[in-house]
Amino acid sequence: EAQVTQNPRYLITVTGKKLTVTCSQNMNHEYMSWYRQDPGLGLRQIYYSMNVEVTDKGDVPEGYKVSRKEKRNFPLILESPSPNQTSLYFCASSFRASFGETQYFGPGTRLLVL
Amino acid sequence: TQLLEQSPQFLSIQEGENLTVYCNSSSVFSSLQWYRQEPGEGPVLLVTVVTGGEVKKLKRLTFQFGDARKDSSLHITAAQPGDTGLYLCAGARGAGSYQLTFGKGTKLSVIP
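Sequence order for the protein chains is A and B. As numbered in this note's numbering, residues 26 to 139 make up the first sequence, in order. As numbered in this note's numbering, residues 4 to 115 make up the second sequence, in order.
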């Protein structure tokens, strides 16, 4: 089954404790992206990747890191999480970064930083 | 930053009624997409419109892209409880759709 998977789905952590949220897609997609969704603010892009070893900042990259060493994986790293990073995170992928391409979203990771 | 304003923010209607959701911007987008998101899940693409004035129909849903490619609307005819969810519009910036600006969404509740 074609899908985007994220792990963990739920995470409670404390301020300053490094964490990684994994994202994997099995569709051989070139483009992958991370979003956060907050009440009243909607979905905002954190980082995106056009292909392996090619990443760039989205609208809200502060406090986050990403890497794209393999085509299928695009982990989101929070080196020193803070309470303002409490949010619902979505990973998405598409075949390529081109005009009108369909993005497929993962099921989301709900993060609480105490 | 290019902004997409969605209205209304919340909508509660009876089954069988019609409704329209709007997505407006002061900026031009190369394409615009509509997504539907259910609680606990990621957004799912409904449609992509790319040409100014374009109208697309998906069963009881009609999507329209404004002539100037700055606005779009979603019209649902004879709403059903299964239409309940969060509807999001997203505009593609530039020639590629790899950077999307999302509206804040319209939360629709269809009451049986």
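Check the hints yourself; a few may be wrong.
Below are the SDA-like pairs computed for lysine to any residue, each with C-alpha atoms no more than 20 angstroms apart in a straight line [claimed, not checked]:
#: 1; chain 1: B; residue 1: K110; chain 2: A; residue 2: K94
#: 2; chain 1: A; residue 1: K90; chain 2: B; residue 2: Q102
#: 3; chain 1: A; residue 1: K96; chain 2: B; residue 2: L61
#: 4; chain 1: B; residue 1: K110; chain 2: B; residue 2: F13
#: 5; chain 1: B; residue 1: K110; chain 2: A; residue 2: G83
#: 6; chain 1: B; residue 1: K110; chain 2: A; residue 2: P132
#: 7; chain 1: A; residue 1: K82; chain 2: B; residue 2: K62
#: 8; chain 1: B; residue 1: K110; chain 2: A; residue 2: L113
#: 9; chain 1: B; residue 1: K110; chain 2: A; residue 2: T38
#: 10; chain 1: A; residue 1: K82; chain 2: B; residue 2: Q102
#: 11; chain 1: B; residue 1: K110; chain 2: B; residue 2: S30
#: 12; chain 1: B; residue 1: K110; chain 2: A; residue 2: D63
#: 13; chain 1: B; residue 1: K110; chain 2: A; residue 2: K90
#: 14; chain 1: B; residue 1: K59; chain 2: A; residue 2: T127
#: 15; chain 1: B; residue 1: K110; chain 2: A; residue 2: L66
#: 16; chain 1: A; residue 1: K94; chain 2: A; residue 2: T30
#: 17; chain 1: B; residue 1: K73; chain 2: B; residue 2: L49
#: 18; chain 1: A; residue 1: K82; chain 2: B; residue 2: R96
#: 19; chain 1: B; residue 1: K60; chain 2: A; residue 2: T127
#: 20; chain 1: B; residue 1: K62; chain 2: B; residue 2: K73
What the hints contain is simulated information worked out from the structure, not anything from laboratory work.
Status of the hints after comparison with the structure:
no. : hint                 : in the structure
1   : K110(B) with K94(A)  : violated (38 angstroms)
2   : K90(A) with Q102(B)  : holds (18 angstroms)
3   : K96(A) with L61(B)   : violated (33 angstroms)
4   : K110(B) with F13(B)  : holds (5 angstroms)
5   : K110(B) with G83(A)  : violated (25 angstroms)
6   : K110(B) with P132(A) : holds (19 angstroms)
7   : K82(A) with K62(B)   : violated (37 angstroms)
8   : K110(B) with L113(A) : holds (17 angstroms)
9   : K110(B) with T38(A)  : violated (30 angstroms)
10  : K82(A) with Q102(B)  : holds (10 angstroms)
11  : K110(B) with S30(B)  : violated (24 angstroms)
12  : K110(B) with D63(A)  : holds (14 angstroms)
13  : K110(B) with K90(A)  : violated (31 angstroms)
14  : K59(B) with T127(A)  : holds (16 angstroms)
15  : K110(B) with L66(A)  : holds (14 angstroms)
16  : K94(A) with T30(A)   : holds (17 angstroms)
17  : K73(B) with L49(B)   : holds (19 angstroms)
18  : K82(A) with R96(B)   : holds (14 angstroms)
19  : K60(B) with T127(A)  : holds (17 angstroms)
20  : K62(B) with K73(B)   : violated (25 angstroms)
In this structure, the earlier hints numbered 1, 3, 5, 7, 9, 11, 13 and 20 are contradicted, and the remaining ones agree with it.
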